[in-house]
Amino acid sequence: MERVYTKPAAQEILIKGAAQEGHSDTFIYDYENDDDRRGLGNLFVLGNISGGEDSNGNDLAYATNLVASLAKREYYSNSGISPRDAFTNALRKVNDVVDEFFTKKDAKINIGVFAIAGDQVYISKLGKFKVILSRAGKNIDILNNIELFKKEHVEEKEFSSVISGKLCLDDRLFAFYPNRSITAREKTIKEYLAKSKPEEFADKINEIKGNKENFACTALYINMREVKESAVKARPQPRELDAPPATAPDMTEMTPRLADSKSKEKSVAKAVEAVEEVPKIIPAEFSLGKKKNPIGSFIKRIDVRGLSRFQNSYNPKRKIMILALAAIGVFALGGLGLFAKSALITSDAEKQLNSVIKSAQENLKSAQSQPNDNALARSLLASSLSSLSGNEENKKVETLKEDLLKALDEIDKAQDAVLEPLEALPDTASANSSSLASARQKATDGAFQISGIVDMSVYEGNLYILTSDSIYKISDFAKPKATAVKWLESPLVSDPKYISVDGNIFVYSGNGTLAKYYKGKLAMETKTEVPVSENQFLGSIDSQNLYLISKQFGRIYVISKSNGSLVRTLKIGSSEPIKDAAIGAADDIYLTAADGRIWKVVQ
Numbered sequence: 313m314e315r316v317y318t319k320p321a322a323q324e325i326l327i328k329g330a331a332q333e334g335h336s337d338t339f340i341y342d343y344e345n346d347d348d349r350r351g352l353g354n355l356f357v358l359g360n361i362s363g364g365e366d367s368n369g370n371d372l373a374y375a376t377n378l379v380a381s382l383a384k385r386e387y388y389s390n391s392g393i394s395p396r397d398a399f400t401n402a403l404r405k406v407n408d409v410v411d412e413f414f415t416k417k418d419a420k421i422n423i424g425v426f427a428i429a430g431d432q433v434y435i436s437k438l439g440k441f442k443v444i445l446s447r448a449g450k451n452i453d454i455l456n457n458i459e460l461f462k463k464e465h466v467e468e469k470e471f472s473s474v475i476s477g478k479l480c481l482d483d484r485l486f487a488f489y490p491n492r493s494i495t496a497r498e499k500t501i502k503e504y505l506a507k508s509k510p511e512e513f514a515d516k517i518n519e520i521k522g523n524k525e526n527f528a529c530t531a532l533y534i535n536m537r538e539v540k541e542s543a544v545k546a547r548p549q550p551r552e553l554d555a556p557p558a559t560a561p562d563m564t565e566m567t568p569r570l571a572d573s574k575s576k577e578k579s580v581a582k583a584v585e586a587v588e589e590v591p592k593i594i595p596a597e598f599s600l601g602k603k604k605n606p607i608g609s610f611i612k613r614i615d616v617r618g619l620s621r622f623q624n625s626y627n628p629k630r631k632i633m634i635l636a637l638a639a640i641g642v643f644a645l646g647g648l649g650l651f652a653k654s655a656l657i658t659s660d661a662e663k664q665l666n667s668v669i670k671s672a673q674e675n676l677k678s679a680q681s682q683p684n685d686n687a688l689a690r691s692l693l694a695s696s697l698s699s700l701s702g703n704e705e706n707k708k709v710e711t712l713k714e715d716l717l718k719a720l721d722e723i724d725k726a727q728d729a730v731l732e733p734l735e736a737l738p739d740t741a742s743a744n745s746s747s748l749a750s751a752r753q754k755a756t757d758g759a760f761q762i763s764g765i766v767d768m769s770v771y772e773g774n775l776y777i778l779t780s781d782s783i784y785k786i787s788d789f790a791k792p793k794a795t796a797v798k799w800l801e802s803p804l805v806s807d808p809k810y811i812s813v814d815g816n817i818f819v820y821s822g823n824g825t826l827a828k829y830y831k832g833k834l835a836m837e838t839k840t841e842v843p844v845s846e847n848q849f850l851g852s853i854d855s856q857n858l859y860l861i862s863k864q865f866g867r868i869y870v871i872s873k874s875n876g877s878l879v880r881t882l883k884i885g886s887s888e889p890i891k892d893a894a895i896g897a898a899d900d901i902y903l904t905a906a907d908g909r910i911w912k913v914v915q
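Residue numbers for the sequence shown follow our numbering, so the first one is 313 and each next one is one higher.
Please note: incorrect hints may appear among the correct ones.
Said to hold, decoys possible - With a cut-off of at most 27 angstroms between alpha-carbon atoms, the simulated BS3-like pairs for lysine-lysine come out as follows:
id, residue 1, residue 2
1, K677, K707
2, K713, K463
3, K863, K833
4, K863, K442
5, K725, K502
6, K677, K507
7, K319, K809
8, K540, K442
9, K891, K442
10, K440, K450
11, K499, K328
12, K469, K499
13, K478, K828
14, K319, K469
15, K450, K863
16, K891, K718
17, K440, K809
18, K718, K463
19, K478, K420
20, K524, K509
21, K499, K524
22, K384, K450
23, K462, K828
24, K725, K507
25, K499, K540
26, K524, K420
Unchecked claim - Quick list of the computed label-pair ranges, beta carbon to beta carbon:
id, residue 1, residue 2, range
27, A330, E732, 37 to 45 angstroms
28, G439, C480, 24 to 32 angstroms
29, A687, D346, 52 to 60 angstroms
Keep in mind the hints are simulated off the structure, nothing from the lab.
From the three backbone atoms N, C-alpha and C, an ideal C-beta is built for every residue, glycine too.
Please construct the entire structure, taking both the sequences and the accompanying hints into account.
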């Protein structure tokens, strides 16, 4: 019998460039031959340190080595806990010990630590570190993918969070320090990762060095391969079977000799080895050895007189029948006991979760059976995903969420958005975002004296306020005594949720209706296929489209201003929830994550 499982095959790629790149190093650990610790899988550490000295004036280049040693010792210290807990403990230990290094203002420390145990990966980082996953010909930025990988907070220190997810057979990972050399060629490297065979990838990277002398690369290339091994280990044979046949002693040399100190030590050592340790029997094990067979006890309780008569008049068929009935009775009682136990220990929360799962499964089937009603299908899938949030630790929930998102991808015909990291928002987007934030704060303070505010939008210094039943305009709202005037003359679309202004005013309703108003009157009303969840609605005067940004599902729905049709759907794929979005010139969309990172959506 064979055991088949996935195992990472790792390869270090360490190419040194110019001196200003700093000191780089990589470390790979595993305990493949240790049965107790092999379940914790492999631990990987990759780092780049430049500049700075410790309190003794020593170069901090050894910081990566120290982090690797601490992480390895702590991660493999307790084989009785899960890989997730072991990884979290390792991060806490590293944070406790190496605080000194991270307080050095002139030091640039970039370290990535990750573990692969079975089909699960756990990642944490300090500074710059990236992991690209190639799966089925597509590349995924693991640290910025919200659908396949999740982020958990550990503590408010350097290695503060863990990103985890599932790996599959034939997945390829490229974990690297994104220096200038790599960043400039990242697109090419991603193509190598997706198209090259595992044995060719490192050669492709080395070829770049041949063409560019200052090229530097600190990376780990990992291929998830299938491993087969015997499920049954060979049993150790008795020592006497392995020992060579005994020979007669040599009697030719019988002269007595005094044993020196070394020979005494050897004799004592052999004598110690020869003493076999007597196994200790703990009370629990001893009591288990004395337990009675329940079937035997049951049979003994049968009418002894009847059984003795049966034994005296020996009848094989009758004996078999009685034994069979006894066995059936015992198993029936055991089954009833297990059923009663499961019914008692099932909590109200578990019952409620099972009900939610069942409802989501039914919604998934209903959505898949609605090929001509995308709006209804999206609504069913969105409500199911919302109902399952907060139960990420449940494997059944995780599998169901993957199925729901896959179905949503098919309906949306979703494409992966290309996200370009930025240090700060451009001036136009920053000004728009600041103006809107200022308006919201004034509304919170009661400056506008308007009740029932739903949403607002700033256009050319004027503020447009959407309420549950109308639209108001405040000219030059930044002025201290600005007053609100009712702008809308036509009836407002029912259940209004969002507003965007570009000269025309667009209002998006809760049921997916898009209404356009011009000079206070309704100019267009159409039903889109996208229901509202936790979204943000953006538009600009230079754009032909409106952008409905779903923070909950990490998607951007691009909707035509002219007819309300869905142009395309972009998957943001960030492991960190989107906190805010802003629009710049034309179709430039900027996203801000909860942890402060900023991206531009490249279209």
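Legend entry - Cβ distance range 24 to 32 angstroms for G439 and C480, holds or violated: holds, 29 angstroms
Inset, instruction - Measure nothing beyond the straight line between the CA atoms of K540 and K442; if it is 27 angstroms or shorter, mark the hint as holding. - result: violated, 31 angstroms
Legend entry - Holds or violated: K725 to K507, with C-alpha atoms at most 27 angstroms apart: holds, 24 angstroms
Legend entry - Straight-line alpha-carbon gap K384 to K450, limit 27 angstroms: violated, 32 angstroms
Legend entry - Hint consistency between K499 and K328 [alpha-carbon to alpha-carbon, up to 27 angstroms]: holds, 21 angstroms
Legend entry - Restraint check for K478 with K828, where alpha carbons must lie at most 27 angstroms apart: violated, 45 angstroms
Legend entry - K891 paired with K442 [C-alpha distance capped at 27 angstroms]: holds, 22 angstroms
Legend entry - Restraint check for K524 with K420, where alpha carbons must lie at most 27 angstroms apart: holds, 25 angstroms
Inset, instruction - Would you mind confirming whether the straight-line C-alpha gap from K450 to K863 stays at or under 27 angstroms? - result: holds, 24 angstroms
Legend entry - Pair hint outcome, K863 versus K442 [Cα-Cα no greater than 27 angstroms]: holds, 23 angstroms
Legend entry - Agreement of K725 and K502 with the hint, judged by alpha carbon distance not exceeding 27 angstroms: Between K725 and K502 the Cα gap is close to 23 angstroms, so the pair holds against 27 angstroms.
Inset, instruction - Could you grab the alpha-carbon distance between K677 and K507 and see if it respects the 27 angstroms cut-off? - result: Violated: K677 and K507 sit about 36 angstroms apart, past 27 angstroms.
Of the numbered hints given earlier, the model fails hints 3, 6, 7, 8, 12, 13, 14, 17, 19, 22, 23, 25, 27; all others are met.
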